[in-house]
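Here are the chains, one letter per residue:
Number of protein chains: 2
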Amino acid sequence: MAESPITPREKDFATWYQDVVLQGDMAEPAEIVKGCMVIKPNGYAVWEILQRELDTRFKATGHQNIYLPLLIPQSFLTKEAEHVEGFSPELAVVTIAGGKELEEPYVIRPTSETIVGHFFAKWIHSYRDLPLLFNQWANVIRWELRTRMFLRTTEFLWQEGHTAHSNHEEAVAEVLRILDLYARVAEDVMAMPVVKGAKSRAEKFAGALKSYSIEAMMQNGLALQAGTSHDLGQNFGKAFNVQFQSKEGTLDYVWQTSWGVSTRLIGALIMAHSDDKGLVLPPKVAPVKAVIVPIYRKDEERSQVLEVSVRIAAECGAHLDTREGQSPGAKFFHWERRGVPVVFELGPRDVASGNIVLKRRDTGSKEIILQNQAVSKLASTLDAMQTELYQKAKQRLQDNTVLANSIGEVESILNNVTAEKGGGKFVMAHLKDDPSSDARIKEFKASVRNIPLVDDYDGPGKCILTGEAVDRRVVIAKAY
Amino acid sequence: MAESPITPREKDFATWYQDVVLQGDMAEPAEIVKGCMVIKPNGYAVWEILQRELDTRFKATGHQNIYLPLLIPQSFLTKEAEHVEGFSPELAVVTIAGGKELEEPYVIRPTSETIVGHFFAKWIHSYRDLPLLFNQWANVIRWELRTRMFLRTTEFLWQEGHTAHSNHEEAVAEVLRILDLYARVAEDVMAMPVVKGAKSRAEKFAGALKSYSIEAMMQNGLALQAGTSHDLGQNFGKAFNVQFQSKEGTLDYVWQTSWGVSTRLIGALIMAHSDDKGLVLPPKVAPVKAVIVPIYRKDEERSQVLEVSVRIAAECGAHLDTREGQSPGAKFFHWERRGVPVVFELGPRDVASGNIVLKRRDTGSKEIILQNQAVSKLASTLDAMQTELYQKAKQRLQDNTVLANSIGEVESILNNVTAEKGGGKFVMAHLKDDPSSDARIKEFKASVRNIPLVDDYDGPGKCILTGEAVDRRVVIAKAY
Chain A
517 MAESPITPRE KDFATWYQDV VLQGDMAEPA EIVKGCMVIK PNGYAVWEIL QRELDTRFKA
577 TGHQNIYLPL LIPQSFLTKE AEHVEGFSPE LAVVTIAGGK ELEEPYVIRP TSETIVGHFF
637 AKWIHSYRDL PLLFNQWANV IRWELRTRMF LRTTEFLWQE GHTAHSNHEE AVAEVLRILD
697 LYARVAEDVM AMPVVKGAKS RAEKFAGALK SYSIEAMMQN GLALQAGTSH DLGQNFGKAF
757 NVQFQSKEGT LDYVWQTSWG VSTRLIGALI MAHSDDKGLV LPPKVAPVKA VIVPIYRKDE
817 ERSQVLEVSV RIAAECGAHL DTREGQSPGA KFFHWERRGV PVVFELGPRD VASGNIVLKR
877 RDTGSKEIIL QNQAVSKLAS TLDAMQTELY QKAKQRLQDN TVLANSIGEV ESILNNVTAE
937 KGGGKFVMAH LKDDPSSDAR IKEFKASVRN IPLVDDYDGP GKCILTGEAV DRRVVIAKAY
Chain B
517 MAESPITPRE KDFATWYQDV VLQGDMAEPA EIVKGCMVIK PNGYAVWEIL QRELDTRFKA
577 TGHQNIYLPL LIPQSFLTKE AEHVEGFSPE LAVVTIAGGK ELEEPYVIRP TSETIVGHFF
637 AKWIHSYRDL PLLFNQWANV IRWELRTRMF LRTTEFLWQE GHTAHSNHEE AVAEVLRILD
697 LYARVAEDVM AMPVVKGAKS RAEKFAGALK SYSIEAMMQN GLALQAGTSH DLGQNFGKAF
757 NVQFQSKEGT LDYVWQTSWG VSTRLIGALI MAHSDDKGLV LPPKVAPVKA VIVPIYRKDE
817 ERSQVLEVSV RIAAECGAHL DTREGQSPGA KFFHWERRGV PVVFELGPRD VASGNIVLKR
877 RDTGSKEIIL QNQAVSKLAS TLDAMQTELY QKAKQRLQDN TVLANSIGEV ESILNNVTAE
937 KGGGKFVMAH LKDDPSSDAR IKEFKASVRN IPLVDDYDGP GKCILTGEAV DRRVVIAKAY
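If you read the sequences in order, they're chains A and B. Under the working numbering, the residue at position 284 of the first sequence is numbered 800, and the numbers go up by one with no gaps. Under the working numbering, the residue at position 474 of the second sequence is numbered 990, and the numbers go up by one with no gaps.
With the rest of the complex left out, here is chain A (with noise of 0.2 Å):
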């Protein structure tokens, strides 16, 4: 694909962001398919990583893998009330298979609990049976109507935990268990802070006794909601018939969780640390960490700067990049745009000298080094940068994270923000969890993000609205 300009994120956040998507090789729209995209090599990549790492936690805490069917039964959705109604809007529906008109239509999975509920009726029946622990891989559709790439798609992929528990404290451990999972990974592996909360009874989960959810802030202040775990109390247990025998000998409903991150929080690495220049991966997500560009005019000098790239490259792990018929400078170009947190130069100079540059792609600084100290010098690099990255997604959050004590000091803050000019804020009040909250909040293009879960504010004060007592301030913003 030819490359071209990538929109600076002044002129126009959202124009920008698809540019580093589409130039970083991550994504590209597919048409044809309604608010669907392919997911090219560097963005599937980047999911494979993010997958090895949330997989590897889900098992070390105890959870397997397993696999449901892609097809739910029309009348499954309607079993539970609150379910039906999230999720029926956005439903794809198949009504014809193997040539003919269906008895009964499939809905493709918009998310798994209803059939999960059906397959726990049949594998649960004494407290010897929980808790279980499952999750699973898979794609699912929800007919959206205004789709982004990653951040919102017709189809994405994700992973879906499942489990069940004898009683309801268990389950709530696992919600906040995973919660604190989830957080991790976003910090730890992503470079992005989050804050851990529970999500108001507005806008939790279509069936859940109660959401939470991670929320990152990007670039232009506006929060992206990256995973959420829910507690669904026995809703789907009683919906489904789960029962099970107690040590006690009498039958209880099953407690169960829910909780899911996606390829949406691709979309979420994307915003929260490239640059006008394209993408910029944290060392730990990055699939190719480092690259050898080497450098030549005559075929003597190439002989020479190859037989030493090759040996640098083998040492480091590097790729090296031999392709004909392309200037060095294309060579950086295409690899700072797909985010390589690394490139070394090398040319017949650097032969000479034992030296060789090496090019940090957040902070576009070069350094010379020794040759034999690329190794422990792309280490030590990789380190800062993924902590750099941190602390700098960190200063801008608590930067843009402020506090408003009347609903008019809200909405003044929130006026001036749009998603592609930027200048959003976390706005930090007290406010009554009550649906009707959220319904002013909403008349300012926001939302309330979540309830923290620590309060890192001055704790308990009058509602914004009403003027009753609530406990802490809870995060407003305008999101994606």
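Check the hints yourself; a few may be wrong.
Treat identical chains as interchangeable: a pair holds within one or across any two.
To be verified - Pairs of lysine-lysine residues, derived as DSSO-like cross-links and limited to a Cα-Cα distance of at most 30 Å, are as follows:
1. Lys847 - Lys527
2. Lys616 - Lys720
3. Lys638 - Lys527
4. Lys961 - Lys616
5. Lys908 - Lys595
6. Lys575 - Lys847
7. Lys910 - Lys847
8. Lys638 - Lys847
9. Lys882 - Lys958
10. Lys882 - Lys527
11. Lys882 - Lys908
12. Lys616 - Lys958
13. Lys893 - Lys575
14. Lys575 - Lys805
15. Lys793 - Lys638
16. Lys616 - Lys595
17. Lys948 - Lys847
Don't read these hints as lab results, they were simulated from the structure.
Put chain B on the given structure of chain A with help from the hints.
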């Protein structure tokens, strides 16, 4: 789930297979979704191992993973005439989405050649863009009438490779490289010998110039197509107008390949190695290689036995089964049915003597070894088991491959074969590659499996139907 007896192979091979799948925690039917299954933890863990083995090899040979949409505009299927004819009867069609009837329905991918064609036309312009070497891990749906867990299900998981090349020679080399790769995974990892060959013209993939397969023999002597690799020629290139400018400046259509293996491999694995006690897994595909079952009665025995067990489990990387309320016998039974290659037993007397009992799953042999030899003995046992399972399967393939020199001979050999009772053979006969030959063989409820790439028999001969000269013998067998 309660564990019930496994039907012996001799009695009814098909029921035996189903029992092994269910009791091995591999899968269960999802009756509520026609012809679908739930892949359970042990089955999915085997799939993850196969994915890793394949994916590593794909990447080492220059392939990159991407992800394409699940839904395909219905009109796409019609662009390649043979392709639409082959797949139309099996399609699941989405006609409603987002609460509205769609103007053009989407089909759920039965395979992705058509959507690949569309994107290749966008991505390929010049010989410099070639080759493109892509793979995707995905689910597909084919509305099959008769289904069987893993072997043939309406939805299944697979990988599908899609590549584009500037000339036919290179495309054919890719097709055969992948066929080899599949054969190596089948033989070296799954301990399952296969016959590599070309499919007959009648049996080739809908839209391909030529198809190749690996064919394995199950314990009942039936054939199972375990992987296919297709030379698509320029058929899809022409259907989707995928043209490139050659080095010489002329325009030409690309040469494409596609290739895939699926969760069907798990069915093959089960039918190749398992026995009347349940699942047998070659060590390389076993999610758990070894389990330690501690044996004790009194509380003081318990702590001593557990202390040693914990140490040996850590040294061997074995799973320690500490479940309370389960007898050692029930534990042995449990792991046996799940195909764990080695089970260690450790009781109070072993603590005193420094011994431990090693039991091997495939032979059932028990050996008393020194605890300090557990690590090395485990490694050598796993190696031996991997090798011997392959040899046993290889011997079976040889013993049940027979020559036939007339159509009457073919018929009489195949007449005694049923999927339930076994007795299947690979019948090697000289047969012209013509759809009429395939039709004749179908009368015996059998098929031409493939035309081997390497002739292990007597070279050219006369077709048993037409008397015409043919190059070599083909494989004829009843098959899954």
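Going down the list of hints, with the structure as the test:
1. Lys847 - Lys527: The answer is within: 27 Å in one copy meets 30 Å, while 66 Å across copies does not.
2. Lys616 - Lys720: between (39 Å within a copy, 26 Å between copies)
3. Lys638 - Lys527: Intra 56 Å, inter 29 Å, cutoff 30 Å: inter-copy only.
4. Lys961 - Lys616: between (45 Å within a copy, 27 Å between copies)
5. Lys908 - Lys595: Neither. Shortest intra-copy (47 Å) and inter-copy (51 Å) distances fail the 30 Å Cα cut-off.
6. Lys575 - Lys847: between (40 Å within a copy, 22 Å between copies)
7. Lys910 - Lys847: neither (32 Å within a copy, 50 Å between copies)
8. Lys638 - Lys847: Classified as between; 23 Å across copies, 57 Å inside a copy.
9. Lys882 - Lys958: neither (47 Å within a copy, 70 Å between copies)
10. Lys882 - Lys527: Within one copy only: 28 Å inside, 73 Å across.
11. Lys882 - Lys908: within (20 Å within a copy, 60 Å between copies)
12. Lys616 - Lys958: Between copies only: 27 Å across chains, 45 Å inside a chain, cut-off 30 Å.
13. Lys893 - Lys575: between (33 Å within a copy, 28 Å between copies)
14. Lys575 - Lys805: both (26 Å within a copy, 17 Å between copies)
15. Lys793 - Lys638: So Lys793 and Lys638 pass the 30 Å test across copies only (24 Å; inside, 54 Å).
16. Lys616 - Lys595: Both: 26 Å inside a copy, 22 Å across copies.
17. Lys948 - Lys847: For Lys948 and Lys847, the Cα distance exceeds 30 Å both inside one copy (55 Å) and across copies (54 Å).
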